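**Q** Sequence:
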Amino acid sequence: MNLGVITLSADISDKYVENLKKNQINVVSLTDENFNTYINSLDAVVIRENPAEDVSNTCSLLLKLKEYSGIFVWVFSSDSAKIMRSVYLQLGAVGIIPEDSDSEEFRLTITNSLYRKQEHPDNNEGKRTEKSVSVTPTSDKTLELIPRNFSINVKGKGEIPLTRLEYHAMETLYKYINSAVTYKELYEEVWDGEFDEKNSNYKVANLIFHLREKLEGKSTPFVYIKTVRSKGYMLVIKE
Numbered sequence: 006m007n008l009g010v011i012t013l014s015a016d017i018s019d020k021y022v023e024n025l026k027k028n029q030i031n032v033v034s035l036t037d038e039n040f041n042t043y044i045n046s047l048d049a050v051v052i053r054e055n056p057a058e059d060v061s062n063t064c065s066l067l068l069k070l071k072e073y074s075g076i077f078v079w080v081f082s083s084d085s086a087k088i089m090r091s092v093y094l095q096l097g098a099v100g101i102i103p104e105d106s107d108s109e110e111f112r113l114t115i116t117n118s119l120y121r122k123q124e125h126p127d128n129n130e131g132k133r134t135e136k137s138v139s140v141t142p143t144s145d146k147t148l149e150l151i152p153r154n155f156s157i158n159v160k161g162k163g164e165i166p167l168t169r170l171e172y173h174a175m176e177t178l179y180k181y182i183n184s185a186v187t188y189k190e191l192y193e194e195v196w197d198g199e200f201d202e203k204n205s206n207y208k209v210a211n212l213i214f215h216l217r218e219k220l221e222g223k224s225t226p227f228v229y230i231k232t233v234r235s236k237g238y239m240l241v242i243k244e
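Positions in the sequence shown are counted from 1; adding 5 to them yields this note's numbering.
Keep in mind the hints are simulated off the structure, nothing from the lab.
Just so it is clear, the structure is predicted and the values come from calculations on it, not from any experiment.
Treat each hint with caution, since some may be false.
Here are the simulated lysine to any residue pairs, SDA-like style, with alpha carbons at most 25 Å apart [what the hints assert, rightly or not]:
1. 219 - 193
2. 208 - 121
3. 69 - 170
4. 160 - 196
5. 189 - 212
6. 71 - 60
7. 71 - 56
8. 27 - 109
9. 87 - 104
10. 203 - 160
11. 180 - 217
12. 87 - 120
13. 203 - 166
14. 69 - 27
15. 180 - 222
16. 71 - 37
17. 160 - 183
18. 69 - 43
19. 27 - 108
20. 208 - 161
21. 203 - 161
22. 20 - 71
23. 26 - 41
Label pairs and their calculated CB-CB ranges [what the hints assert, rightly or not]:
24. 109 - 235: 50 to 60 Å
25. 91 - 202: 45 to 55 Å
26. 40 - 181: 28 to 38 Å
Yeah, the Cβ is synthetic: ideal placement off N, Cα and C, and Gly gets one too.
Build out the structure end to end from the sequences listed, making use of the hints.
**A** Next comes the structure, spelled out in structure tokens:
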């Protein structure tokens, strides 16, 4: 499971983060610079605020995060006024964690909700859940998927974080190594929506464009993800 932490005018102690990691929760410090990179791979977000200074920013963040269906959001705050706690909940926060919570209470508040969410995926409104399928890497591990982190390990480059959509596209291509995967197959696997050739092909192509940039940079010809003209894409791994 993946948790993003946004710190405003107040910091969050390392002991809170370390306690979460004991439950195999991957914690990412979420900033303006990396927000778009990580947001689609997150299951939850904690906003750490000082209510005396950050109410406006917290409200803006809650509105922004509300666009990402299925992500749980908590506000970790010191002595928020009752009216603001109500506002935060109306804006989509699943709860307000008081500052006097120790690291264990903090951990239980988050992990209990995330485990319940994992056990009942049908309650995640529209958000695609992580697949339980185990993907076996190639014998020399040229590419290796890391489901827990929504990332991929590339030989010679190390671990590369992917968005949730990029990861599911890569997972689909990985299932059919060295075989073509159609635009329609990719779209239905990644978005779970009805396929419309014009618009859906564009969305798939745009997603593959960003995925290629992460795996291979801007150099061509592409080594891993090949275009199959008029059909789709193919992940090429030479053993």
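**Q** Against the structure, test the hints numbered earlier, and report the numbers of the ones violated in rising order.
**A** 2, 4, 10, 12, 13, 14, 20, 21 and 22
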